[in-house]
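Chains as they are written, first to last, in numbering that gives the first Met the number 0: chain D, 0 to 806; chain B, 0 to 284; chain U, 0 to 160.
Since the hints were made in silico from the structure, they are not lab data. Treat the hints with care, since some could be wrong.
Here are some chain B residues pointing at chain D (derived, C-beta under 10 Å) [unchecked claim]:
#	residue
1	Pro2
2	Asp259
3	Ala269
Covered stretches of chain B, going by a simulated chain U footprint (3 or more residues, C-beta under 8 Å) [said to hold, decoys possible]:
#	stretch
4	6 to 13
5	32 to 40
6	50 to 59
7	101 to 115
Listed next, with one range per pair, are the computed distances between beta-carbon atoms [as the list claims (entries may be wrong)]:
#	chain 1	residue 1	chain 2	residue 2	range
8	U	Ser160	D	Glu233	52 to 58 Å
9	B	Pro163	U	Gly156	50 to 56 Å
10	D	Arg35	B	Ser68	54 to 60 Å
11	B	Asp255	D	Glu727	39 to 45 Å
Glycine is no exception: its CB is placed at the ideal position from the N, C-alpha and C atoms.
These are the residues of each chain, in order.
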Amino acid sequence: MPDWGDLVPRLFGARVERREDAALLTGQGRYVADIRLPGMLEATFVRSHVAHAELRRVDFSSALKAPGVVAAFAAADLTGVREFPDYISWQREVRQFPLQRDRVRYVGAPVAVVVASNRYEAEDAAELVEVDYAELPAVLSIEEALAPGAPRLFEEWPDNKVMDLPEHDPEVDRILASSPTVSGRYRMQRQAPCPMETRGVVAELVHGRLTVWSSQQSPHILRTTLATVLGIPESTIRVVTPDIGGGFGGKTHQYPEEVVVAWLAMRLRRPVRWIEDRAEHLVSAVQARDEMIVLEGSYAPDGSITALRAEVICDVGSGEIAMPGTCTSLVSAACLTAAWKIPHYATSVTCVVTNKTPSGAYRGFGAPEAVLAIERFISRVALTAGVDPIEARRKMILDPEDLPYMQPSGNRIDSGSHRAAFERAIELGQAALARRRQETAGDRVRLGLGYCQYVEPTVPSYFGTTGYWTAYDSSSISIHPDGGVRVSCGVAAIGQGTETTIAAVTADALQVPIEEVTVVVGDTDSCAYGLGSWGSRSAVVFTGSILRAAEIVRQKASKIAASLLEAAEPDVVMEEGRFHVRGSSTPAVGWADVATAACVRTIDLPDGVEPGLDASATYEPPNLDHRPDAEGRMNGAATWANGSHSGVVAVDLDTGGVRILDYIVVHDCGRVINPTIVEGQVHGAVAQGIAGALYEQIVHDSGGQPQTASFMDYLLPSATEVPRLVVEHFESPAPETPLGIKGVGEAGTIGPGAVIANAVSDALSELGVDITETPITNRSLLRAIAAAGASRRGASPEEPSGGDAAA
Amino acid sequence: MKPPLFLYLRPDSLEEALAAMHEHGDEARPLAGGQSLVPMLNFRLARPEVLVDLSRVEELVGTSCPGPSAISFGAMTPQRAAERLEKVRSTCPLVSMMLPFVGHVQNRARGTIGGSIAHADPAAELPALCLALGGTVVARNAEGERRLRADGFFGGPFTTALMPDELLTSVELPGVRREDVAFAEIARRQGDFAMAGVVAVRETAQTAVRLVAFGVGGTPVRLPRAEKILEGQELTPACIAEAASAAAGEVDPIEDLHADGRTRRALVDALVRRVLGELGSEGAR
Amino acid sequence: MSTAQAVSHFAISCEVNGTTVDRVVAVRQLLADFIREDLGLTGTHLGCEHGVCGACTVVLDGEAVRSCLALAVQADGRSITTIEGLSGDGLTSMQQAFRRAHALQCGFCTPGFIATLSVADPSDYHDEAGVRQLISGNLCRCTGYENIVAAVCEEWGIERS
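The whole structure should be built from the sequences, with the hints applied where relevant.
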């Protein structure tokens, strides 16, 4: 395992200021939409405005006459283009072509592309493209998709199940059959990652080489995919991801527009730009969650769960997206038991296709859904058993002596502060509640305390997302003759301060000032192959590979320095970036001296040392199984972060309004490289979790028309909706990753749905409201309050779910 | 999301603006602050042949006090400018209370008082304000001027009594003291159009209250049954509860993405209680 | 009474970041596109093009406005300051506060926040709630607003609640 060894790190653990900020603060960032090339054309896509139809004919005759139009193409025109690859052997094959061929399966599906001299004219012409649709009945929910005789999205399938993995655990069946049980049905709504920067692609062909700038989280994977789909050698493609205005998972996919814009640049021999607008984004970029989890569990008198059976059913939209959207449901299944000691657990996983935008990755990747379900379920079990819900949890939570802990699903929880973090979050939450009780007035307002606990798989295997059974990444370090350092990595920077963190780790590894380090990421011509930024993986894999590359460079530098100092190599040490003989700081040589010898005065090199001072290294994370064993168990992540959140809400009984008064995060991602950046990641992720708990929901009408294709209706929270966020760090080093670090990107999203659902249920416990769905809105809560009241009066109860499932 | 083709006219005077409206009639759309119209253009939901930009018509900008207790806003007065004026705060405090709820500060910098009222979004604050205060809308066309009472002005969602060639030129509001007005709304987020809002204005020597709800129907609506209950009554908790319940019963709420009818009725009930409670405590002072 | 002819293009003259700019624009062109595409000032970003997200906020005649909801032609005779103009030689003190507080991540929304804050009068804001309300017309997806609020409060000497 790479480590500091004798080096004394100066920046590791420090609040290093971000190098990205000076440019970004002054409008000097360079995003895809800022790229303007000579002779560049602009593309716009003609998208299906019906949810499900046979595609009969696309007619460009009027469009091609419009001012400024250069060309227009439909699927049949895309000569040489192939289907997207589908590597997943354990789900039904979804055949996807970059433009829809004979059928459209969601509103927003790309049907044709129009190219004009500017976007205004391209949109004018796109309106003139005539598309002949023969509408088919639409399938819009899990229930509709699974109904007997439901219309099928893919005629060649017997039903609408794209993935169906049954559970098989006779022991769970036996325990459930012979014990008192509780069951529950939990649902998290469809949401959208919605980075502030939409997607965008610019492509040009120069000297037979294709350069594609794209707002992407995985530049190399895009390059590989483009080569496959365009049928051209991968070496003729360069993918660049310039400044990226947020990704959140949605930009890990390889999209039809990336292929089509690249093809246009090849076909038209002119640079082409396509910038997604927000209305397009909300129907054509991947969406997520939209999952139902049905639980049945047996319990002991102390409220602890003795066996648990889960059905995870996910609505993945039309399924037409490269890197399929089915994998989040597997992570839901894996994360359901969190850090709870539930000895017997079995789960089935089913993914259905519907006439909605394809689902994919969104920060949290299946875990928020699971934690909402298990947290509400544990509270229901505790209530049934007559046990305080916090006490029931205390009975089940992992202790340090349980670690490493093998979950029934095969996850191997390597380390963590599960009980300590939980207790701290409860302590802070209870203190906040006590404070609020003193200051909050109003006999129609109820306060509630919520909390949750989770584990987060970080640095996962690419298993499941592409069929590339790998998790590695690469870094390269070069020392220039002036002593300056250039480091390049296979991960991408998507706005999370990656370049600063890479620079800090590199500076520590070479003992140079951070200003001496230049970071290059997001350019497949400059960086060795890597998998990109997703899965809370970047920090671990770039640190691992940088430490390995730096060690090679240091060793070579020591040899050269020894020669320059006329000393024996074993006597030479490096301190603060200077090489000298042990015990005496003079004479000394620095990186510039060594690199000058290596690069431009090779005459000074000792015998047997080759010119140049650079090294490349890869890092393959530990512990990953990459594939399930015979029992279906696997550990899919190199290391497991953990956290506990708590929060206090005020619920207005008359309006159903929920106000978050306090929100507390106790987070453990192992050793922290830069606390400022880690806190920033947690803050942003929590806000997205709160958004899912209370505000954001993709809604379709009964015909499959999206009702939330603008920011007027898809409600990103603003500063007035997100409360002050209190974050505390615990640091449980990962035993097997470099420097003990874990990933942090996604964890914050996991908690808020569960915390707020728990808090609202707590606030309304006297009414018997049991929240089982998100989002919690005025409408859903008034309904739940009324239903709980009716149920208490003995009227036939409507299910008081408390969530605002799509109308 | 780029606007469709249109032609553009930029009159420098009201006379020119009215002539342009006269000439282009139904095909013309006046452009005030653009905070509703430009999004509709960007979505290509609005497709005017001609856009008549009123931003250079100086006669339409400004705030005056036509009487000791009244205020008049030129239609093109930016909301943000009105929000800042001490004269507005002292003469007609309800305006200063409600303006901060109109969109966000950047919207109000360009959005105008007249533009919002002429746009007549059923969930917007300013039409409701105008109705609650019993304001007067002044409209002009090439032929002349009409003075329209707010009570009959709003005909339906985005529909007013303005004729196609008419421009709203000013809005006159009676000044009502701070202790005689109250307002509350509930939106999903800060700055969003309200799911429901209620404005209360105490009239004539504390014997009557004008109540207006917005966001619940095609237009802002008076709540006559609730008003009737309050007539001549002290605002006791029982009286307030009765009025709130009547108000919730008499609105005919719409259902949309954010709230159904039942929710909106509950919100109206709660909001009426809130605003009347505030009026009651102010009156008791 | 003469009625001007309705036109499809218009010659405008405006001041952008202190420099006079004369251009003929299509009347339907959005101010944001004029700034970005015609003038090459790409620090002004488009996040929604319907006036909700605030990424395109610029200063127009001293007011923070959404440049996606104004037409380029409407800038005729007006003065515009974009993030490039607001920044000057180094970082302003608010920009420095953002940097210190880690109030930005991907940076896409940041110029809009800076533009909004640049024309706000700190004496109008006395508490955290007021600051949150002021910036509620600018959406950020990365920071959860926590550090943006912290930066503004620090810069304006507001004690956080």
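Tell me, in ascending order, the numbers of any earlier hints that this structure violates. none
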